[in-house]
Amino acid sequence: MSKSSETRYAIELKDISKMFGSVVANENINLSIKYGEILALLGENGSGKTTLMNMLSGIYYPDAGTISVAGEEVTISSPTDAIDFGIGMIHQHFKLVEILNAMDNIVLGTKEKYLKPKVLKDKILNISNKFGLEIEPEKKIYNMSVSEKQTVEIMKVLYRGAQILILDEPTAVLTPQETEKLFAILRKMKEQGSAIIIITHKLHEVLSISDRVAILRKGHLIDTVETSKTNENQLTELMVGRPVSLKIERPDMDEKKTILKVIDLSVMNDDGTTGLKNINFKLKSGEILGVAGIAGSGQKELCESIAGLTKVKTGAVLCNKENIIGKTPDEIINLGISMSFVPEDRLGMGLVGSMGMVENMMLKSYKKNKGFFIDKKPSRKLAEELVKKLGIVTPNVDTPVRMMSGGNVQKVLLGREIESNPNVLITAYPVRGLDINSSYMIYDLLNEQKKKGVAILFIGEDLDVLLELSDRIMVLCHGEMKGIVDAKATTKEELGLMMTGRSLEGVDLDE
Amino acid sequence: MNIFLNFLVASVLAGTPLLFGTLGEIMNEKAGHLNLGVEGMMAMGACAGFMAGFITDNLIIALIAAFAAGLLGALIYAVLTVTFMADQNVTGLTLTIFGIGISNFVGEYMLVNSKTNSLKLPEQITAQISNINIPALSDIPVVGQLLFQYNAFVYLGIVIAILCGIYLNHTKLGLNVRAIGENPGAADAAGIKVTKLKYLNVLIGGGICGIGGAYCSMIINGGVWMSNSVNGLGWISVALVIFASWSPTKAIFGSFIFGAFNILKYYFPKTLFTIPNAFYDMLPFVITALVLVITSIRKSKENSQPASCGVNYFREER
Amino acid sequence: MNNINKKAKEPLMRTVKRAERSKMDTIKLRIIAFVLALFAGGVFILLIGYNPFELYGTIISGAFRSEMAIQATIKFMIPLLISSLGITLAFIMQFWNIGAEGQIIMGAIFSSYFALFHSDWPHLLLLVVMFIAGFVGGGLWGLIPAYFKSKFNTNETLFTLMLNYIALHVISFLRDGPWKDPGSSGFPKISRFDANAQLDKIFGVQFGWVIGLILVVIVYIYIKNTKQGYEISVVGESQATAKYSGMNVKKIILRTMILSGGICGITGMIQSSGSDITLASSVAGGVGFTAIIVAWLANLNPFSILVVSFLFSVLEKGSSVMQSTYGISTYSASVLQGIILFFILGCEFFIRYKFVFRNKGGARA
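Chains as they are written, first to last, in this note's numbering: chain A, 1 to 511; chain B, 1 to 318; chain C, 1 to 365.
Hints were generated in silico from the structure; no laboratory data involved.
Some clues are possibly wrong.
What the hints assert, rightly or not - Here are the computed distance ranges between Cβ atoms for each label pair: (1) B:Gly232 with A:Glu385: 55 to 61 Å; (2) B:Ile294 with C:Ser66: 52 to 58 Å; (3) C:Tyr147 with B:Asn277: 27 to 33 Å; (4) A:Asn437 with C:Leu38: 51 to 57 Å.
This structure is a prediction, so every number in the text was calculated from the model and none was measured.
Even glycine gets a Cβ: it sits at the ideal position worked out from N, Cα and C.
So that you can see chain A by itself, here it is in the shape it has in the complex (with noise of 0.2 Å):
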């Protein structure tokens, strides 16, 4: 039993390995937090941090070393486990049960006795009183947005009493004003005590909220400094082991021609909502429009819509003077317009995870040759070029794809998309969970198209990286477009102020 120190430590992870088959995803981790502490666990996706978090909150099982918790070695090996000790995990990706309401999804797995409704409805009302959160308790989960729905998991882990909370990702959904709402939160929950850690890529987060920073590379604990004694390029450097240029190209083009020309555009989702309510814009060949916007303001039902993939209620989208709405994708592939859409799971559409690189670079191909069988030939040729061309690992070309990691399958995706030379490049999340190498090269593989005078429609993110790639930038909210303004000249907070609603007053920038 180890003494307990001055500087009670809330966790102590010692020589921490895990491994995933043959890959490792932790080795020799060393990590310690105190309570009443912020620490940021940074890294880039495929740096083992959510890996770590899942140990320490008994989803995953160490395969080497020790953990510790209030000075008392102990052992995690389910949930359960890490909800005793007071160690409450918030995903990334909501573990929700939405036919459930907020009350029966926090009291989910407790051990208490059955409460009777009005009770429990008070008693979580009590405890999100108590920290500042807003929360409907009887609302049912499937009619939820996003933020309210984070609330919930919150609140699940407040109400078990944890002390040691580990968030992971939260701002990836929240809008700016959402997240210093949410940090608002953690400084008061840091005032009570709690030991928190938040798993984080956003550098500007890391400085802004936490106390120290714990950096990972590739399965290893690379460092552990003072925020206040840092900043962005001392952090960017451990992220990735080299000093990077942060600094995103911007090329001037002078010829700008109205490539695409989208006119009241309409669209009604499945479930009857308002996908999109009256967008209307002009997409210029050489510049790149970056499109901001909460998860779910209608990114997806504009690329689709122009890659004629949804049905449009009304509205038009010409593509010189032609109306391309209601054409198949085919004839939309076929008149040079591309679109790349990357989700969240990476493969689950543009890419079929079980199939090698050849037959993947058939997808928007294969019909060309005439007749019945499919010639995997130009495929081939296509995708051994593009490994050479754009540097992606794979033992060969017909290892399926699944195997790859996230930057070399998105470099897969876009590489296909460029190699049909399109005239409209329309692409979504691109760098989504690719390290910073990768991202760069893929910021370079847009700037080279925009300079060979493709109009590029992107949709991102990160508000840093749109302000420093786009030369426009769209902001849409609930399906609207909130205004179009000028990258060099807008701010965070004007785009952040769009995001909730509201609309942009004065110039809108679209002659």
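We have chain A; now place chains B and C onto it with these hints.
Frame of chain A; chains B and C shown alone:
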């Protein structure tokens, strides 16, 4: 009036085995397991229940044996799909093949080794499974026949249905099980013992199916053993689960309605026009198919199959 | 606050995913599984008082001991082989077609119409028309659930299951009513087909086996080398991806299920015209369900289906010999089949996962 009364009573009797099968399958599906082995589990219960009753002449022991046999069948399914994560459809189908096979195999063995080449339930148990008679209550005209003159299985079935309903909808444990069927990842993260509860529900469900099978072998054929006594009722039960919207209390009414369909051909007045037998036999399945389509059009989240039903759960999914 | 001064034990046993295995490894494991399964079946045989080696030997020799026996084995195999092929197409698309039984029946019904009422047509013409009718009947029965799935996302497992029973009762209706054989007394039945409507025999077995072999090759090429086969694979893996690449997912689902049901319908035609020589409610006789197991065991590969369905037929034919030689109830075949299958299902686990026990570490795969 009398005919109509008889029709209602007959519907209840015809629906009782279905009730057991349906409840058993509801218990499986609510925990996330589509168990296509109902026919097999009922067959195993049919054999065990009958043989135990034949040998011991005691209803209680027969019921326990039937429950145990159904549970055993469900155990095979549970081990394969919960622990070994085998495909649920294929495993369930195999259980049906196996269950029917072993039930008839044992039945034939007992038949061949019996003195008279037939097996009939002895006296005491026959009395125990015949229609009850509660003095005063059973004698009330109409209501007495409608409510108080059934055999023990009927009342047992209704009690089990009510208990299942309370269990699933009004207890902590039931809430946990429902969570597992909808989103096992969420249940797991909440600290619920997913594996244990899956086993619990699947096994109890199997046991309930077993009792249903015992009804088929002991009552439907007048206490004489016949092979294949379940004869498709297990499959109808799978359909009935959908018809009853995965609710134990609705299952009570659903099974009586399906029971009514089963015997409708004997009661429908032939004076108007003759409806071919096949139409009556088809009716439960056509109605269920309609219910399937209607519920999928309405997309009601509340009355659908549990979202994670049919999918095995593995925690360390990368 | 909770008492955190307890040292919980490492879990006794936990499940861990393995690194992907090589193809060779997987095949080796499956063979080991099969051997183990036979062993488990042997234990059952011992329990009922017989010598497993003797019994297995009888089963195998029973299937091959004479020309008639081989013919009978092949006869068993035909419907299993062809309906498995049909099911495979649907399964690749991740459309859980549990309705093969009903599709076989509908195919039999449609083709029987011509056999019963147009038996005066020229032989070859009649057979071709019956063949097409069988395809149409099964295809229709596959189209219905596909339509509702593509339009309303109706659960296809349960819907196809219902259609099986509806199909069965359609035969009952026909048998007891419009198609009743006037000569049948006591139990109604449908008349035996005219010889003109009967499938010819090749090597003493009805023509179906030739059709089966041809279909194995056709289905294989269809899946691996055609645009439509490619589309089925893509849709099966991800409907979103299929839509995105311009594929008409609804059309593909409908088309594939017509093919899947149609091939099962052909099975019905072949069975009724080649084996039963009439339309009976037992025309499918559970084959539609067994075929699901075969397709799954064969990993949706047409050539593997050929092997697996052959093995199943050997067991089937051999079991009837078991009955005549040893007097063992034919139901024992089902029990044996069940035990073997349970084992193979269990062994599948070890291909993708493994158990890690307390204190045994388990960092490396």
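Here's how the hints hold up against the structure:
no.	hint	in the structure
1	B:Gly232 with A:Glu385: 55 to 61 Å	holds (60 Å)
2	B:Ile294 with C:Ser66: 52 to 58 Å	holds (56 Å)
3	C:Tyr147 with B:Asn277: 27 to 33 Å	holds (29 Å)
4	A:Asn437 with C:Leu38: 51 to 57 Å	holds (54 Å)
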